[in-house]
Amino acid sequence: MPVIEVRGLEKTFTLKTKPEGLAASLRSLVRPLRREVRAVRGVDFEVEEGEVVAFLGPNGAGKSTTIKMLCGILEPSGGRATVLGLDPSRQRTRLAASIGAVFGQKSQLWFHLPPSDSFSLLGAIYEIPRPELARRRAELVERFSIGPYMDTPVRKLSLGERVRCEVAASLLHAPRLLFLDEPTIGLDVVAKREIRLLLEELRKRDGVTIFLTSHDIGDIEKICKRAIIIHHGQVVVDESMKELKHRALAKKRLAVKYAGPVDFASLAAPGLTILKSTADAASLEVDTRLHRLPELIRALVDRGEVLDITVEDEPLEDLIAEVFEGEDAEAARAGAAPEALPADDSRGEAAAGARP
Amino acid sequence: MRAATGGSPPFSLAAKVRKYSEAARLGLRNRLAYKGNVAGRLLTYCLFVFVFSRIWTSVFEGRPPIEGYGKEAAIWYFIVAEISAFGFARFFGTVGEDVKSGQIAYLLARPYSFVGYSFAQAIGPTLYDASLLALAGGILGSLFAGPIPLQGPAQALALLASLLLAACLQYLLQTALALTAFWVEENSAFYWIYQKFVLVCGTLIPLEFLPDVAQRVAFLTPIPWLTWAPARILSRWSPEAAPGMLLAQLAWTLAAAALCGLVFSLGRRRLVAQGG
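Each protein sequence line maps, in turn, to chains A and B.
Counting from 1, position 19 in the first sequence corresponds to residue 19 in our numbering; the numbering is continuous, with no gaps.
Counting from 1, position 32 in the second sequence corresponds to residue 32 in our numbering; the numbering is continuous, with no gaps.
Don't take every hint at face value.
To be verified - Calculated cross-link-like contacts (lysine-lysine; reagent style BS3-like; alpha-carbon spacing at most 30 Å): (1) B:Lys100 to A:Lys106; (2) A:Lys106 to A:Lys225; (3) A:Lys156 to B:Lys196.
Simulated from the structure, these hints should not be mistaken for lab results.
Model the full assembly from the supplied sequences, consistent with the hints where possible.
Spelled out as structure tokens, the structure:
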């Protein structure tokens, strides 16, 4: 049985708009202008127990809105979602006992108190018996190496230390399913690596299902086995990371450096793009479905004395960006450009609040 | 670490009590992290008490009691009424801000009653602040109006119970008002009006000083039970009237809890929380 089952899930927000100018402000007192924003439009997917899924999309794609519906925070406007066999919006409290959630831009730790206090509170909130709480706490403190910070007020911790405490706190009640919304946002490379290793260990050792949104491609490549890409509130890609990477393999990046000046302009052809070039060096993107790599390398070698040549896969980040751009272009061609979504994910709380 | 089974743990009253008492303990600990924050409130409260003690001294100089209140009773009345009106006045801002900022969305992802949790979290620091106000009020009252008019443990217990019920009622009414932020962007006007009613109907002057019609109208609302009830219990103790007053306070508290729960469950459906 899937841990998450989503069928035709929709969320439409009604937002008040305020046009510019005093006259418009006065008019809006009598007749306020509202517009509907379809943040999520008929999303379908399933997640099996133990899977680690990347939920990707550009800002305003509907990622966070979907997660909030799956956590029971928001009520769907249409469709249905089942999480751990429960209806999130109707059985929010029951569901909350079995899931963990980390929202990278929101802290669940009390800012002026040490994490140990927040751990005690979370233990009480999740009704974990005291001896079990002590055991779990000790285990998490050791695993996340947060012992030295447990008695320091959260406001005095570095962001990396705080996020480690946040993730550990979200695991206190041993959730079967963990929602991570931008867990590594703002972290430096070392802290990011630590968090990724911890999540990977969590998956391997405890079989926790992880549903992750991130703009950090490193998070996705290192942790996730499957990617769901959402754009304009719709799922546009749902495939394994292997398949996604295989797509990336269709394109290669070549960098070549010669001993002297070489003419690169004549190289350009369909499926062969010169990304940048100087007199004696160039960076090329090759579609391997149109050009055979050995022949291309031979052609490059024939042009002059090669000092260095490297071949790389297309970065996953670029591939995902191409998916987004492709969807936009397709929508524009179909003459049905999706309405502009007002919420920018990075704005976070600025866009949150009550519907007026 | 093993994966937990789905759903809530089996019902345990002790676990529920621990959940909210821990929230209250942390709320208090958080308040104590910045002990000095109460200084401003304490100073303002003392100033109010001083001003009103001077006013009542002038009013009652050479005059008989009004509606059963003499100078001392009127001063002690104000000292207690102001603890509820001023000391329990911060709930609106906290809850309203949670709704407007969208923070409520994140607080909802937990297995608890939001209203209960917010109450538990707020009541610890509120009672701490109120205790300090009460201490200051006791000292100032003793200076301006003579010894505290406590006639025995029954009165002390009734006063304590009445103040606790007033705190609960204040929380519930202010929270219900704050939750209107689900519908209207700017709801502080509601609270402004509410505050003025609280001040006029039983804080600045004893309720008995108002015209009969105004008193009758006031008693149709929960407002007198916020300030008048505890203040009257200390300043004009009546063992016969106290149980009825406490029961009325309890009834209004339960009604306010139902209202608050209703507003929350209706408002929650209107929650908009876009973005990460």
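Hint check results:
no.	hint	verdict
1	B:Lys100 to A:Lys106	15 Å, holds
2	A:Lys106 to A:Lys225	26 Å, holds
3	A:Lys156 to B:Lys196	41 Å, violated
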